[in-house]
Amino acid sequence: MHNDPKNRREFLKACAAAGAAGVWVLLIPRPGAAQRVHHIDPSLQVPDWMDHYYAYVIDLNKCIGCGNCVRACKRENKVHEKFFRTWVERYQITDEDHVYVESPNGGHDGFSGNVAHGKVTRSFFVPKMCNHCRNTPCTQVCPVHASYQTPEGVILVDKKRCIGCAYCVQACPYGSRFIDPRTHTADKCTWCYHRITKGLLPACVTVCPTNTRRFGDLKDEDDQIRELIHNARSSVLKPDLNTEPFCFYIGFDRAIR
Amino acid sequence: MIYTEFSFPNDMHIYWSLMIVTYPFITGLIAGAFVASALYHVFGRDELAPVNRLALLTSLAFMLCATLPLLNHLGHPERAFNIMITPNFRSAIAGFGFIYTFYLTVLALEVWLSYRPDIVRAYHQSAGLKKRFWNALALGTHNVSEEALRLDAKVIYVLSVIGLPAACTLHGYVGFLFGSLKSNPWWSTPLMPQVFLLSAVISGMAMLMLIYLLLAWRGLTTWSFACFRSMAFFLWLFLVFYIVSEGLEILFFFYESSDAWYVISTLIFDKLWNTFVVLQIGIGVTIPFVLLSYLLMADVKERTFIALTALSSAVILFEVWMMRWNIVIGGQQFSKSYVGFRDFHPEWLEKEGILPAILLTLLPLMILTVLLKLFSVKDEASRAK
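Chains P and Z, in that order, give the protein sequences.
Heads up: the first sequence is residues 3 to 259, going by my numbering.
Heads up: the second sequence is residues 536 to 920, going by my numbering.
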């Protein structure tokens, strides 16, 4: 046997040819691709994303725990029966600082009875949902850009792109995400994106009888939500995690998890 | 404030189950076996020559199966390649495809170069279809002149030097996937990559020692007690580093006593008492540490040394599997409310159940058995005879 440079050269040539063929297959557009790109209905109204930045305010002093919001969300978004895009928790705190929290069926059917033992000194309801954080860990960890933030600040999931790895579910500190057993993809609150882009309010806000839930556009100077966020003392969930939620709570309590 | 137990309504499911336990276990074995090979090639530990070729083949066999648990876990495995085609570089998972591909390339090249003379010899000694098979494996180049082999050796050395940090990155990165999630106090610690890496090294080393013993017993490889003893020493050394890292991690949680300690203490003293305290620490860490420490200090007979080291290796493999379980499952046994807990009982036959996990763990060993039929793992001197 001997050192055969020709043999080696032929081998390298074959490798280069195979590589070039691979690149060609990947880069050459397939027949029909161009037509598909141009086949967009010209009359389609595309929302002007840059003109809005949405925020959500929950006034805990007003919530009565009726569960209307949970039911409306389930109906509007066809949420899986075992999971919740929004839910309501009830806190009961006794004079000995014992905290009793419950959310039976996500508050879907309202609340009944008293779960606390002892003298209850504070009792209130806490609606929860995706906080649509500005510095959100869920879009950060999504390996394929399936979870993303729209220019209006809404966090969405592209179900046609999601690979169902559940990393975003693990990364969300608020328990707002879940894997939908029907689609095997991540699911979460969208602030009813299909409604707000048409100028409507999210379903949960529309049905709230006490005005606990408020939704608005921070870029709209006439929107009351700007005044509410700037003037009222509010807090966000788990501020220490620096996720910068855009869901603000008025009347926050230190017991809230 | 004292909370009664409460979980967020969506926090009722354990999404990362046995497949995500199996995945770091398998990648750990790859990294560990490769470290054994690198100790020989890069650090000049010549006594490890008898296991060098076996270490490479073992790494390759496990590497070929490393992605399978992940694919089985995904809700949409058919979209898995999106991780490499349209990656989100801000995501830790997005790096997996690239790190895996890079390390697989380095490993495959090193294995091919190491076994090239064997492949060419088999090519010349066979005929018909077999000859075609060996020719394909030789990639059409049959030059095994001294000059060519010298060049191969140089390239193998370079690949080992590149491969060692790549192997460490592959597994340290798995730890980073967990350690970088600030939403989870049981995972969120900068020590996590280090703990994963060191546990990978000890599991890979332990498995290699067991396979080496088995092959030597069957006469399929060259037996060297010096080699086995050296591996036992490195196993003990990395075990000490591992115990210190894991111990420091728990000590930090306890000493800081932050909000997270309630969750972590409940895990340790209740939910994970059996799997973490009793099985992982009480048995998995203590027995091998005591045995290996004794064996390295005392003057014992060769048979005793081999038997007790083999026992330690088997227990270490069990310990590392339990560690994966306790990290992955333990980290999901509490709600993000940090005051609610849940149990996990895997089923045998579900998609990510016990049976698929066992099969996926055994598959690399089956591949290794096939590879051992094709290639000899005996060292140079024995093969020359």
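Where hints are given, some of them may not hold.
[Stated by the list, open to error] Cβ-Cβ distance ranges computed for the label pairs, FRET-style:
1) 23/P - 690/Z: 25 to 33 Å
2) 160/P - 697/Z: 15 to 23 Å
3) 120/P - 776/Z: 44 to 52 Å
4) 117/P - 877/Z: 13 to 21 Å
5) 804/Z - 160/P: 36 to 44 Å
6) 232/P - 540/Z: 43 to 51 Å
[What the hints assert, rightly or not] Here are a few chain Z residues that face chain P, going by a calculated C-beta distance under 8 Å:
7) 538
8) 539
9) 541
10) 544
11) 614
12) 617
13) 622
14) 626
15) 716
16) 720
17) 801
18) 865
19) 868
20) 870
21) 885
22) 889
No lab work stands behind these hints: they were computed from the structure.
Glycine residues also receive a C-beta, built at the ideal position from the N, C-alpha and C atoms.
Index of numbered hints that the structure contradicts, given in increasing order | 2, 6, 16, 17, 18, 19, 21 and 22
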